[in-house]
Amino acid sequence: VTSAIELAAAVRTGDTTATTLAEAALAAIAQGNGELNAFLHVDAEGALAAAQRVDRSVANGEDPGPLAGVPIALKDNLCTRGVPTTAASRILEGWRPPYTATVVDRLVGAGAIPVGKTNLDEFAMGSSTENSAFGPTRNPRDHARVPGGSSGGSAAAVAAGMVPIGLGSDTGGSIRQPAALCGVVGLKPTYGMVSRYGLIAFASSLDQIGPLTRTVADAALCLEVIAGHDPMDSTSLKEPAPSLVASLHDGVAGRTIGLVRELLDGADADVEAAVRASAATLRDAGATVIELSIPELRLGLSAYYLIAPAEASSNLARYDGVRYGLRVDAVDLTAMNVATRTKGFGDEVKRRIMLGTFALSAGYYDAYYGRAQRVRTLLSRAFAEAYGRADLLLGATAPTTAFELGAKTTDPMAMYLSDVFTIPSNLSGDPAVTVPFGVGTDGLPVGVQLLGPARSERLVLAAAQVLEDGAPA
Amino acid sequence: VTALSREDVAHVARLARLDISGEDLERYTDQLRAVLDHAKDLEAFDLEATPPTAHPFAEAAFLREDVVVECLDRDEVLAQAPAVEDDRFCVPQIIGDAP
Chain A
1 VTSAIELAAA VRTGDTTATT LAEAALAAIA QGNGELNAFL HVDAEGALAA AQRVDRSVAN
61 GEDPGPLAGV PIALKDNLCT RGVPTTAASR ILEGWRPPYT ATVVDRLVGA GAIPVGKTNL
121 DEFAMGSSTE NSAFGPTRNP RDHARVPGGS SGGSAAAVAA GMVPIGLGSD TGGSIRQPAA
181 LCGVVGLKPT YGMVSRYGLI AFASSLDQIG PLTRTVADAA LCLEVIAGHD PMDSTSLKEP
241 APSLVASLHD GVAGRTIGLV RELLDGADAD VEAAVRASAA TLRDAGATVI ELSIPELRLG
301 LSAYYLIAPA EASSNLARYD GVRYGLRVDA VDLTAMNVAT RTKGFGDEVK RRIMLGTFAL
361 SAGYYDAYYG RAQRVRTLLS RAFAEAYGRA DLLLGATAPT TAFELGAKTT DPMAMYLSDV
421 FTIPSNLSGD PAVTVPFGVG TDGLPVGVQL LGPARSERLV LAAAQVLEDG APA
Chain B
1 VTALSREDVA HVARLARLDI SGEDLERYTD QLRAVLDHAK DLEAFDLEAT PPTAHPFAEA
61 AFLREDVVVE CLDRDEVLAQ APAVEDDRFC VPQIIGDAP
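Protein chains in written order, with the working numbering: chain A, 1 to 473; chain B, 1 to 99.
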């Protein structure tokens with residue numbers, strides 16, 4: 001397996017070309033995508049044209065950038081000018097955005113080659129990629145199982161070796177949970193670290209874009225490229241991108257890492273065993289591991305499933321059949337809105353819109369949305385208190401390894417529970433990463449999760465590197 | 001807080017411009033009720049003194065300089081609309097009875 005960093009180095013020195021890498025990625029997709037359904041749209045023409053530009057720049061002795069010639073996959077809720085962008089929804093089928101997301105511009109500016117748009121749960125609402133209007137993605141490790149979600153297409157594309165880097169978005173665990181279930185690295189940066197301009201909004205106070213990669217170093221490099229203030233996003237932190245790759249091998253000697261009871265509660269025994277083994281690896285590397293309890297984390301799931309749908313119900317009001325996407329004609333404007341939204345949205349999206357509308361409605365606002373927002377404060381304070389005792393926190397990423405297709409589709413609450421360990425970081429806005437660490441009793445990958453306080457990406461990734469180096473073969 | 005009724009769900013569906021009826025209404029009511037039942041764990045806390053959080057960081061909005069920048073291309077935007085007339089978005093009748 002070759003990393004993005006190695007590929008870019010080979011392109012820069014002339015040992016290979018961007019065109020060769022793009023052709024190889026397109027061939028791998030052509031071979032595997034019929035079965036996996038990881039990509040909803042492949043842009044072969046655009047990829048080869050971008051690769052030729054990188055190759056010309058190498059030939060001219062110019063600097064093609066740190067991701068020179070590296071093929072990348074983009075979750076299909078990231079806008080790409082002139083290239084179909086659907087959010088895996090019928091309501092946006094055929095839409096070609098008139099602008100490009102900032103993260104995509106930055107990756108292309110760094111020499112990366114976008115090869116296509118990956119599958120997701122419709123509008124990123126789901127934990128298995130089965131809520132896509134265009135069919136589920138299959139887990140490359142076991143085709144009868146889900147890749148997780150909502151960034152399941154990017155996770156599968158990276159795990160299958162089609163591309164070394166996939167971009168995802170994480171609102172309640174949508175980067176980390178699929179990364180764990182597919183056996184790759186997934187990083188959710190600090191809220192505001194990465195511009196959301198051009199990301200189709202789900203829950204704006206929780207959404208954050210980040211990388212899915214095969215190595216921790218690739219995730220660090222990708223974040224260096226996409227992070228940093230963007231005037232087009234008013235929630236984008238007014239800070240430059242952090243330096244992450246240079247400090248990747250700083251280790252964890254002298255650090256205190258808190259193994260969190262609530263981030264193991266309800267996890268399968270083999271998942272818990274992997275987390276405890278990862279704690280031993282960190283201890284062997286010189287960290288002090290303490291066990292601690294943060295009871296407030298148990299409230300995260302309930303708070304999240306009121307706050308995220310509430311924000312979604314507002315964000316998705318824009319799909320009205322007027323300016324873009326699907327229109328179902330009807331006698332008047334309201335009837336057209338209703339017909340369009342009823343036909344265009346899938347089951348889970350409707351469920352969350354109604355849940356959010358209810359949580360925000362007169363008479364229930366204080367009891368549901370208001371209460372959830374106060375619990376969000378409790379949770380952030382509890383995290384802050386924990387970071388007074390530990391530099392980083394450790395737990396499971398998901399309660400189980402990859403589950404079978406169809407196992408949870410009729411029981412939304414069971415599906416929601418697969419995000420129970422990832423949701424708290426979205427509510428607090430803090431960074432978290434999942435790293436593959438061995439396999440479960442079923443032979444499928446297990447991910448362990450490292451969490452840190454806001455802006456602690458350097459520390460989180462250095463610890464993740466220790467886990468990658470010490471992971472069972 | 002009382003249990004969510006079928007009428008509640010029908011009401012929010014109307015507010016959200018969704019046409020939900022029959023068996024779908026029954027199913028959604030059961031599913032939404034399960035989520036709200038789970039959320040009862042939030043009621044165990046006295047939250048009167050705890051302020052709400054709407055956004056992860058207090059420093060809410062980072063506004064850009066008030067300078068003119070290039071905007072989206074009008075033709076490109078209108079090309080994506082379901083119906084256009086005289087460089088404007090076109091919608092069905094809004095005022096008065098439908099024809």
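Please note that a few of the clues may not be correct.
[Said to hold, decoys possible] Straight-line distance between alpha carbons at most 25 Å, and here's what the computed SDA-like set of lysine to any residue pairs gives:
no., chain 1, residue 1, chain 2, residue 2
1, B, Lys40, A, Ile294
2, A, Lys238, B, Leu15
3, A, Lys350, B, Thr50
4, A, Lys350, A, Trp95
5, A, Lys350, A, Glu262
6, A, Lys238, B, Pro92
7, A, Lys238, A, Ala201
8, A, Lys343, B, Lys40
9, A, Lys343, B, Gln80
10, A, Lys343, A, Ser361
11, A, Lys350, A, Ser380
12, A, Lys343, B, Cys71
13, A, Lys408, A, His143
14, A, Lys238, B, Ile20
15, B, Lys40, B, Arg88
16, A, Lys343, B, His11
17, B, Lys40, A, Lys238
18, B, Lys40, A, Thr19
19, A, Lys350, B, Glu26
20, A, Lys408, A, Glu262
21, B, Lys40, A, Arg141
22, A, Lys350, A, Val439
23, A, Lys343, B, Val68
24, A, Lys343, A, Asp366
25, A, Lys408, B, Val68
26, B, Lys40, A, Tyr387
27, A, Lys350, B, Val68
28, B, Lys40, A, Gly363
29, B, Lys40, A, Gly254
30, A, Lys350, A, Thr409
31, A, Lys408, A, Asp265
32, B, Lys40, A, Ala414
33, A, Lys343, B, Leu15
34, A, Lys408, A, Arg141
35, A, Lys238, B, Arg6
36, A, Lys408, A, Ile294
37, A, Lys408, A, Arg90
38, A, Lys408, B, Pro82
39, A, Lys408, A, Gly363
40, B, Lys40, A, Leu326
Derived by calculation from the structure, the hints in this document are not laboratory data.
Hint-by-hint comparison with the structure:
1. Lys40(B) with Ile294(A): Measuring from Cα to Cα gives roughly 19 Å; hence the hint holds.
2. Lys238(A) with Leu15(B): Not OK: Lys238(A) and Leu15(B) at ~38 Å, beyond 25 Å, violated.
3. Lys350(A) with Thr50(B): 32 Å, violated
4. Lys350(A) with Trp95(A): Within the cut-off at roughly 20 Å; holds.
5. Lys350(A) with Glu262(A): Distance of about 31 Å is beyond 25 Å: violated.
6. Lys238(A) with Pro92(B): 43 Å, violated
7. Lys238(A) with Ala201(A): Since the Cα atoms of Lys238(A) and Ala201(A) sit roughly 21 Å apart, the hinted pair holds (cutoff 25 Å).
8. Lys343(A) with Lys40(B): 33 Å, violated
9. Lys343(A) with Gln80(B): 19 Å, holds
10. Lys343(A) with Ser361(A): Since the Cα atoms of Lys343(A) and Ser361(A) sit roughly 24 Å apart, the hinted pair holds (cutoff 25 Å).
11. Lys350(A) with Ser380(A): The given pair, whose Cα atoms are some 30 Å apart, is violated under the 25 Å limit.
12. Lys343(A) with Cys71(B): 32 Å, violated
13. Lys408(A) with His143(A): 16 Å, holds
14. Lys238(A) with Ile20(B): Given that 25 Å is the threshold and the Cα spacing comes to 44 Å, the pair is violated.
15. Lys40(B) with Arg88(B): 48 Å, violated
16. Lys343(A) with His11(B): 19 Å, holds
17. Lys40(B) with Lys238(A): Measuring from Cα to Cα gives roughly 38 Å; hence the hint is violated.
18. Lys40(B) with Thr19(A): 56 Å, violated
19. Lys350(A) with Glu26(B): 14 Å, holds
20. Lys408(A) with Glu262(A): 23 Å, holds
21. Lys40(B) with Arg141(A): Violated: Lys40(B) and Arg141(A) sit about 38 Å apart, past 25 Å.
22. Lys350(A) with Val439(A): Distance of about 36 Å is beyond 25 Å: violated.
23. Lys343(A) with Val68(B): Given pair Lys343(A), Val68(B) is violated - Cα atoms ~39 Å apart, limit 25 Å.
24. Lys343(A) with Asp366(A): 32 Å, violated
25. Lys408(A) with Val68(B): 50 Å, violated
26. Lys40(B) with Tyr387(A): Violated - the C-alpha atoms of Tyr387(A) and Lys40(B) are around 28 Å apart, more than 25 Å.
27. Lys350(A) with Val68(B): 39 Å, violated
28. Lys40(B) with Gly363(A): 17 Å, holds
29. Lys40(B) with Gly254(A): 41 Å, violated
30. Lys350(A) with Thr409(A): 15 Å, holds
31. Lys408(A) with Asp265(A): Given pair Lys408(A), Asp265(A) holds - Cα atoms ~20 Å apart, limit 25 Å.
32. Lys40(B) with Ala414(A): 17 Å, holds
33. Lys343(A) with Leu15(B): Given that 25 Å is the threshold and the Cα spacing comes to 16 Å, the pair holds.
34. Lys408(A) with Arg141(A): 19 Å, holds
35. Lys238(A) with Arg6(B): Not OK: Lys238(A) and Arg6(B) at ~47 Å, beyond 25 Å, violated.
36. Lys408(A) with Ile294(A): Violated, at roughly 28 Å.
37. Lys408(A) with Arg90(A): 22 Å, holds
38. Lys408(A) with Pro82(B): Since the Cα atoms of Lys408(A) and Pro82(B) sit roughly 36 Å apart, the hinted pair is violated (cutoff 25 Å).
39. Lys408(A) with Gly363(A): 32 Å, violated
40. Lys40(B) with Leu326(A): Not OK: Lys40(B) and Leu326(A) at ~38 Å, beyond 25 Å, violated.
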